[in-house]
Structures are given as structure tokens and as C-alpha cells.
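What follows is each chain in one-letter form.
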Amino acid sequence: MSRGRRACVLFGSALLLGQFAGCGGRPPVFTEEPPVTRIDDERNVAEPDEHEFWRMRHHIHSFGAEQLRQRLDPVPAGPAEDVNRLGKVPDSSWFTNRIEHLSSQELRAGPGGGDSGPEDFRPWTIVGMKSGGRNPGFVFADTRGRRYICKFDKVGAPVIATAAGPVAARLLWALGYFVPDDRAVFFERGDLVIGADAEADDGFGGRRPVTDADIDGLLAGVPALQADGSYRALASAFLEGKPVGGYAYWGTRKDDLNDTIPHQNRRSLRALRVFGAWLNHVDLKIDNTLDLYVEEEGRRFLRHYLVDFDGCLGGYWAARHEPRIGYAYDLDLGELVTGVPRLGLRDRIWENLGEPEHELVGLYEAELYDPAAWRPNYLNAQVSAARPADEFWAGLVLSQLSDEHIEAAVELARLGESGAERVLERVLIQRRDKTVDWALRQVTPVIDLADPIAEAGHLRLSAMDALVKAGRPSDLRFSAELLNREGRSLGGLTQEATQPGLVVPADRVAGEDYFVVRWLAHDARGRVLPSTEAHYLRAETAWKLVGILRDGQ
Amino acid sequence: MELPGFGWARRKPVTVQQSRRLAACCVLWLLLSLWAAAEGAGTAVSAADSTNPRGTERPLRAECSPLRQAGRAVLFLPYAGIRTVLWAPEQLAFFDARYELSSRMVALLTFRAGQYKTELGPFFSYESSTGLGLAGAAIGARDWFGSGADMKLKFSYVGSRRNYFSFGLEREASPFGWQLDGKIERRADHPFYGLGPQSSDDRFDADRDQATVEAGLRFTPHSGVEARLTGYFDDTELDDPEDADPVSTAFPTLWSRATDSQYVGLEAQFLLDGRNDGDFSSRGGALRLMGGVNDSRSASSASYEHYSAEAQYFVNLHDDTRVLALRAYGEALESRDWDGVPYTNLVRFGGSDGLRGYSRYRFADRQGLLVTAEYRYLLTTHWQGRIFTDWGSVAPKWKLMRLAQTDPIFGFALALESHRFPLLMQIARSPESTEFYVGTHSIFDLHSRRER
Numbered sequence: 001m002s003r004g005r006r007a008c009v010l011f012g013s014a015l016l017l018g019q020f021a022g023c024g025g026r027p028p029v030f031t032e033e034p035p036v037t038r039i040d041d042e043r044n045v046a047e048p049d050e051h052e053f054w055r056m057r058h059h060i061h062s063f064g065a066e067q068l069r070q071r072l073d074p075v076p077a078g079p080a081e082d083v084n085r086l087g088k089v090p091d092s093s094w095f096t097n098r099i100e101h102l103s104s105q106e107l108r109a110g111p112g113g114g115d116s117g118p119e120d121f122r123p124w125t126i127v128g129m130k131s132g133g134r135n136p137g138f139v140f141a142d143t144r145g146r147r148y149i150c151k152f153d154k155v156g157a158p159v160i161a162t163a164a165g166p167v168a169a170r171l172l173w174a175l176g177y178f179v180p181d182d183r184a185v186f187f188e189r190g191d192l193v194i195g196a197d198a199e200a201d202d203g204f205g206g207r208r209p210v211t212d213a214d215i216d217g218l219l220a221g222v223p224a225l226q227a228d229g230s231y232r233a234l235a236s237a238f239l240e241g242k243p244v245g246g247y248a249y250w251g252t253r254k255d256d257l258n259d260t261i262p263h264q265n266r267r268s269l270r271a272l273r274v275f276g277a278w279l280n281h282v283d284l285k286i287d288n289t290l291d292l293y294v295e296e297e298g299r300r301f302l303r304h305y306l307v308d309f310d311g312c313l314g315g316y317w318a319a320r321h322e323p324r325i326g327y328a329y330d331l332d333l334g335e336l337v338t339g340v341p342r343l344g345l346r347d348r349i350w351e352n353l354g355e356p357e358h359e360l361v362g363l364y365e366a367e368l369y370d371p372a373a374w375r376p377n378y379l380n381a382q383v384s385a386a387r388p389a390d391e392f393w394a395g396l397v398l399s400q401l402s403d404e405h406i407e408a409a410v411e412l413a414r415l416g417e418s419g420a421e422r423v424l425e426r427v428l429i430q431r432r433d434k435t436v437d438w439a440l441r442q443v444t445p446v447i448d449l450a451d452p453i454a455e456a457g458h459l460r461l462s463a464m465d466a467l468v469k470a471g472r473p474s475d476l477r478f479s480a481e482l483l484n485r486e487g488r489s490l491g492g493l494t495q496e497a498t499q500p501g502l503v504v505p506a507d508r509v510a511g512e513d514y515f516v517v518r519w520l521a522h523d524a525r526g527r528v529l530p531s532t533e534a535h536y537l538r539a540e541t542a543w544k545l546v547g548i549l550r551d552g553q
Numbered sequence: 001m002e003l004p005g006f007g008w009a010r011r012k013p014v015t016v017q018q019s020r021r022l023a024a025c026c027v028l029w030l031l032l033s034l035w036a037a038a039e040g041a042g043t044a045v046s047a048a049d050s051t052n053p054r055g056t057e058r059p060l061r062a063e064c065s066p067l068r069q070a071g072r073a074v075l076f077l078p079y080a081g082i083r084t085v086l087w088a089p090e091q092l093a094f095f096d097a098r099y100e101l102s103s104r105m106v107a108l109l110t111f112r113a114g115q116y117k118t119e120l121g122p123f124f125s126y127e128s129s130t131g132l133g134l135a136g137a138a139i140g141a142r143d144w145f146g147s148g149a150d151m152k153l154k155f156s157y158v159g160s161r162r163n164y165f166s167f168g169l170e171r172e173a174s175p176f177g178w179q180l181d182g183k184i185e186r187r188a189d190h191p192f193y194g195l196g197p198q199s200s201d202d203r204f205d206a207d208r209d210q211a212t213v214e215a216g217l218r219f220t221p222h223s224g225v226e227a228r229l230t231g232y233f234d235d236t237e238l239d240d241p242e243d244a245d246p247v248s249t250a251f252p253t254l255w256s257r258a259t260d261s262q263y264v265g266l267e268a269q270f271l272l273d274g275r276n277d278g279d280f281s282s283r284g285g286a287l288r289l290m291g292g293v294n295d296s297r298s299a300s301s302a303s304y305e306h307y308s309a310e311a312q313y314f315v316n317l318h319d320d321t322r323v324l325a326l327r328a329y330g331e332a333l334e335s336r337d338w339d340g341v342p343y344t345n346l347v348r349f350g351g352s353d354g355l356r357g358y359s360r361y362r363f364a365d366r367q368g369l370l371v372t373a374e375y376r377y378l379l380t381t382h383w384q385g386r387i388f389t390d391w392g393s394v395a396p397k398w399k400l401m402r403l404a405q406t407d408p409i410f411g412f413a414l415a416l417e418s419h420r421f422p423l424l425m426q427i428a429r430s431p432e433s434t435e436f437y438v439g440t441h442s443i444f445d446l447h448s449r450r451e452r
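Protein chains in written order, with my numbering: chain A, 1 to 553; chain B, 1 to 452.
Keep in mind the hints are simulated off the structure, nothing from the lab. All figures in this text were calculated on a predicted structure; none of them were measured in a lab. Mixed in with the good hints there might be a few duds.
Across the chosen pairs, the derived CB separations fall in these ranges [claimed, not checked]: (1) E57/B / E297/A: 33 to 43 Å; (2) R426/A / F270/B: 43 to 53 Å; (3) I184/B / H321/A: 34 to 44 Å; (4) E359/A / E417/B: 16 to 26 Å; (5) L345/A / D337/B: 54 to 64 Å; (6) D202/A / G71/B: 49 to 59 Å; (7) D295/B / E359/A: 54 to 64 Å; (8) D370/A / E417/B: 25 to 35 Å.
Some chain B residues near chain A, calculated using beta-carbon distances under 7 Å [to be verified]: (9) R54; (10) T56; (11) R72; (12) Y79; (13) I82; (14) L86; (15) P89; (16) E90; (17) A93; (18) F94; (19) D96; (20) A97; (21) L101; (22) T321.
Using N, Cα and C, we set each Cβ at its ideal position, and we do this for glycine too.
Given the sequences, and given the hints that come with them, work out the whole structure.
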């Protein structure tokens, strides 16, 4: 063997060994500080440049390379980084924990803080025509000067999209996201005045003044619902701040110093895998997110919004009438490639969906809905990076959304006495339950973990089955194992318990300053769920719960 | 004992230089190991530190199973290749978006004609037996100059193979509509085979120049019912590319003597369309009957009549997503002077219009029969897989028609139902060849016109 080859062998061996050297070893150890409840990412930053959404590039990436990467990459995404020691997402400019203490009345008030909306402030002055998107519309200002973007339903599919938008927006707001104040509104032609500076696209790359013919033409193409000739629309309030484009699927925004966590590693965004499935938010793409450069208390920073929800629920189906929506990407290479040799012999869920239960709700149903099978229209890297721990957290958040919350949100659809409200409520509730059932089974669903209580000769560790707490049926059996700081087993604790919670003999941890209880659950079919680990540290006077890891994350 | 591959260490004494290299490699290995280990290490962080709110002594590591990492190294090789292939279009899209190239191009290709918006766009089709069949640009305008008709101007230039210019106006109003078309075309190396199912070795090529003008009236008394009356003038000339004279010398097996022809014709068509979704139908059927007289205006060609009948039927096998599509097509010509009917006006099968899997215009004669069966299954929205078979033949008389004289072809098609037209990618295998087609034309298209 030549010297060159020898050197190559040595170098290759070093590389290989180096590759493995960082693997395995001790489990992570938590420190003693209190859990982070807020991430300070609202520090003053310079105004960033506006990021454009490059549609064609996005589609090539989403429908081509990214689908292949997802299928070929055997290494799953890394752990979420916007998570505190208890596995929760702290408040930030991306997310606010609000569902836990949110009343139905507060949900009705929504992000607008109870603002009555533009209907009380007519006439509306049209300041421009909407360009782009699936549905036609215009931008108007009410008599207070507040601006709204006004969108309509498609002919042949009345009400569905203008009902879906406000409901989905309000529910996502309740779950913790920043969204605009969307609402269904009614107006008459006489309520519209064309502003002096209102302009529209002339179809030749230029601009021209908006005319009465533009408005009449637009209204002629939208469904007039009321017998009195009034029109139904979705009005979305303009957000405070300067829009600087949507946020990317991957990485951070280089011109925002507050943006330190790669977006694909944000649990709050990965959770849209779960919330999106529930709401059938298939139009989850960069174009429907928005960074706003806002000023609060003398600080200028970016706040991150989700926008454009009229494609949720049955909204996208109303526009395209494709039952596949929610079950495959717009261009799904997997469906194409694997579908050819199958010769149509495999029956897919969406082929059996049938017709909508109610014409004003569209094809949004719960009976065949399978959260595990749900897909947005585009491959969204944040959604596809969701790990079991992220899905479990989203399931926990969703389980706190009550039937009353849903009823309050559905009122915003203003569906009248058609019976559609009852159908929409029922489907939302049933889908929520299915989603929660699925999400809470992604890891061993042990919750309500707390500091151990020292009793005579033992430590009592409280815990609860998340499914039971969420009011869902549970067939799970729990077992636990005790580990020391180095990950060495100190022995099993319980076997086949129907409820978590156990007693640890004090002598088992007598010589330790740190121990871990690793919970495992298996369901009636024998499937073992990924573990949940509770980490306990001996503090000055007592043992203390310092961290929770689910599926190692 | 000597470890395989390490004999070199024992056989020769290690020199100082080698020792230094070995030491350098060890140091490198150590550094790499330390670097890899450091990846998983870290310092204790404050819980208030917004970059690591988890509160662990060291950040959690990503999945690092050695087997998976090794699998990634192997599996990602093809991915790297695909990324490389996609790099160019992605960058192009990036520049397109950044500098608004396509919107500027659209603006350039969209112009006013009077007060009417006119658009310019490309079109193409490909057949493996004839190469790039059509590639050019089309200008279209709706309600052209307020006539209520749609205008389409098309021109195609594929080297010297096929030059094409056409102008069309069509008003699709109901119940009465009309159409006006004109076309000038030159096709080089137009293939000619002998009559009937002759050997494919009997192929000759000729240049064909053609000018056609058509005017038609359309009557649609009811949805799915259409009657059309079309009058036309056609002037065609065939040239031997090698200037052999007369043409009959160049094409000794050809039956027709007509190389220059002028026709004035009248054609009637009746269409009953009960399909539920055009070419992507899952139910219903259609019937099309056509007949026409073709009066010769030149001494070398003869008058003739042509007739055709087409029936389609769609059987929904399951949930409108698995469909059996059936088609039967028959065509016949009648003339008192067969020698005077130009070869190009005969019944011709082969290519994407019928008998896919054989080269274009492979079979020609006075009568023709073609049956097609397609099993269509939905892959995903807008995308269909189609397995098909075509079986057909040509003959001088109906009673001499023998389907068994030719073998059926089998093929597979990937069909995209776009908003305006289907895009078809078809591959078909016959005993003679394997043919590949990409284009917008489907054999089930009921609005295709008889090729003149």
C-alpha cells in the first residue's frame, strides 16, 4: 500500500471514528433554574429589508427537491429549541400561551380586543383592488380610517370561504398565534365609495384608476346571498406595523438579531402540523405568513403573524373542489411515483369522502379524517419537521380548547339559521377530539408532573394520563424505570399500571443527587409509545422536578 | 499474527518522516474526535438566555445513530444529484422572481390590439417517429375587435421540417356559431408507406406544401348536441426531395398518381356528446358522424367522398376514479378514379392520432378501422395513469378488413388535466417499434378535425 493510500486510510478512519465519537453517552442533565416563561426576542433591531415571496422558486423547492429530501433522509429533524425545561413553549414574538386562561368571551373579542368592526363605520372608501390570491376583492378604509382587505366567496361555493377565514383565524389566535382580526361582513353596493387615489392593475403591468365598472364587475362575479341584495365578504383588518415579508421555512432571518432559533426548530411552528390538520389549513406556505416591524414601548422589533385563512376548513375545497386537499400535496411525487405501479388498486381515504354534509360548510368532515394522514398543499419544512414531542405538546394545547371556545368561534362565521353552524361546530369538535387522541399518543402521555412529596421512607411522584385529563378514552398501561444521573438503571418501579403516579422508596435514591423516572406506556395493541422522562434534582431541602423530556426532546 | 492490510507496518522500518506523518494523522484524528464530542457538549446556560430556554447543562443533540448517519451518507448521494439537477431551474426561478423576468416577458407578450388584450404564448408537441412536430408561438385574443369571436394566430418553425402558419377566428356562441381558418404549411420528409399493412421498409419521404382555407357554421341546439357544416379549399403539392421525376418513379409502390391537387369540399358533422367531463370523463358516451364531398379542381387529382364514424363509451369502474374508456373509429373513402386520390388524403393510421406504437402515417388505404381501450386510474388530483391498447387496420374494401393483419399495440400514458387542455406523455409498444409522445392532443378528442 502506498503512503498516500495509507494516509487516506488513516484519515478516513479518523473521520469515521470522529463521526461516532459524539454519539451516545450520558443523558442530558437539567440545571436548577426556574423554567423560562418568556423569551426576550423583542429587543430593539434595525428595520429589516422586505423579503419577497418567490413563488416559482418556492414551488420547485416544495414540489421537487424538498419532497425527495424528506423521503430519502433517514435522519429525523433535531429537537425543538424554543422549549423550556418542562417541554412548554415560552411566550415570544412568535407565540403566546393564551388558551389556558382564555374565556369564551375573550375569544369572541379576539385580537381586535372587542372592536365592533367596519360595519358600524360605513360608507367604506375603496383604496385599491386586491391582486393575486384565489379570490377577488378590494382594500377599503372605514370612516375611522381603519383599513381592511375585503375578499369574497367563489361563485358556486357561497359562504364557505368567508366563513372559514374568521373561524380558523380566531381559533389559531386562541391557540397562541398572532393573526389579524378577520370577520365576516355584510354590505350593500351603496356602502362603497371609490377613493380618489384608488388604483387597480391594468392587466398590462401598469396601474389605472378604479372605476365603478370595476366594482360592479367584481360584485357581479360574487354570490349575493341576501334577499335584499347585500353582499357577504370577509374583512381582514390591516395589521399595525410595517410588513417585511413572510418568514422562511428554514433557518433564521439574517437581518433580525432577535431571530436566533432556526424556524424549522420552533415547536410553535412545528405544532402547525397538528393545528393545521385539525383546521385543514392546507395553504400553509411562506406567502401566508407575515413579519411585521412594530414599535412597542420604544422598542422596534419583528412580530410574526399567520395570515390568510379562507382556505381552511372547507375553504380550499370550495375554490378547487378537489377531495384530495388535505391528503396529498398539490404535486405529490410520492403519490405519482407509487401510484403508477399500483394501477389504481389501492383505495385512498379521500376517494371515499363523498359530498359535503352541508353546502355552506364545504367538504370538511370528521368521519374519515385521519390526522396522521393529513398533508398541506405544499411541503412545509416546519410542518414536516414535527417530532412526536412537538405533536404531543400541540395535542396538549389543543385539548385545552373547549367546546364553548369552538362555539364562540363558529359564531363569527355568521351562518344564520341554516343549520350550517351546528354542522361546523360538530365537525370541529369531532376533529379536535380525533386530533387530540392522535397527538397525545405520540409519546407516553404523562402530565401534571410535580416536585416529589417526601413521605415516611419514600417519595411520592404525582402524574396523570393526559388522555384521561383531556376527557378521552385511554387504553394505556404505564411502567416506569428509575435512572441515575449517568443514565444507569436503578431498577423498575411499576408495571402495567392504568394510571401513572408512583412511590419511590427513599433508599433507592439515597446516594444520588439527581434521578430520572422514565415512563413508558403501551396501548391495547401492544404498541410502545416513546418515553417521557421526568428529571429530579436534590435541592437544599427537598427533591425538585427540574425537567421533562419526551422522546428524548 | 499480521492484520490484513497492515503488513506494511512490519515489513519496513518506519522512517522519521513516516512517524511524523503518523503522528500528524493521530493528532488530526484526535482533533476530529474532540470536535465531534464538542458538538454534543456545551456550557451551563442561564434559563434567561433566550437562545437555550431548555435549561440543560448541554444542548440536546440531534438524532445521531451511527447506522442512520451512515444511511444518510449513502442515501443522500442520489439526493445530491437531484439537487444538482434542480439547481439550475431553481436559480432560474430565483432570478425570474428577483428581476421579474417572466412578468416582464408576459408584459412584452401581452399587448393591446385596439382595446382588446392579446396574448402571445409558446406551444409544442413531440413524437419520436417524426421528432418535434410542432413548436412555435400562438397569439390569441378573445372577442377580437368586438366581433364576438376568438382569434388565434399560430406559427411554427422547426428547422426545415415543418413550417406552419395559421389564422383562425371562432365564435362559439350558442345556438349558432361560426369559424374561419386559413393555413399555409410546408412539411419536409413527410413519410409515405405502401398501401395496406405493408412492410415498414417501404418508406419514402416527400416534401409537402399545402394551403387551406376553411369556413364553417356551427349549430348547437342543446348542450352536447352539435351540427357543423364546413366548406373548404385545399391546394397540396408533393415534391420528391431528390427531384426524381416523375414522382411515380420515386414512389413506385404508391398507388396514387396525384402529386398536385386542388379540392373544394363540403363536410358535415353531427356530434352527440354525453360524456361528463371531456377527455377526463368517467361516465357517458359520445357519437360523431362525419361525411364530405371533395371536388377536384386539378387535372391530376380525382373527386372523392369521405365518411367516418366514431363512438366512445366510458365505464365507471369505481368511484369515478377508475374508468374503462372505449373507442371505435371507422373511416372510408369512395371515388370513381382511385388513382387520382392523393395519398395524403387517404385513411391513414399510426402515430399519436391512432395506432400509437407505430410510426406516424404508417398505414394508409381506402378504409380503416381502429378500436381503443384504455384503463384510466387516478394517481392524484389532475394526474391519471392510463394503460391502453390500440388495434386497427386498413384495407381497400370493408370485406377485406382483417384486424388480425396487424398486431395490437400496448402502452402507458401519464395524463395531466390542466386548466385549459390535457398534457399527455405516452409510450406505446408495437411489434415494429416503441414510440413516445408528448403533447396536448388526445385520441379521445372529439373536436379534432380531419387532417387534410
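| query | Failing hints, ascending? | reply | Failing hint: just 21.
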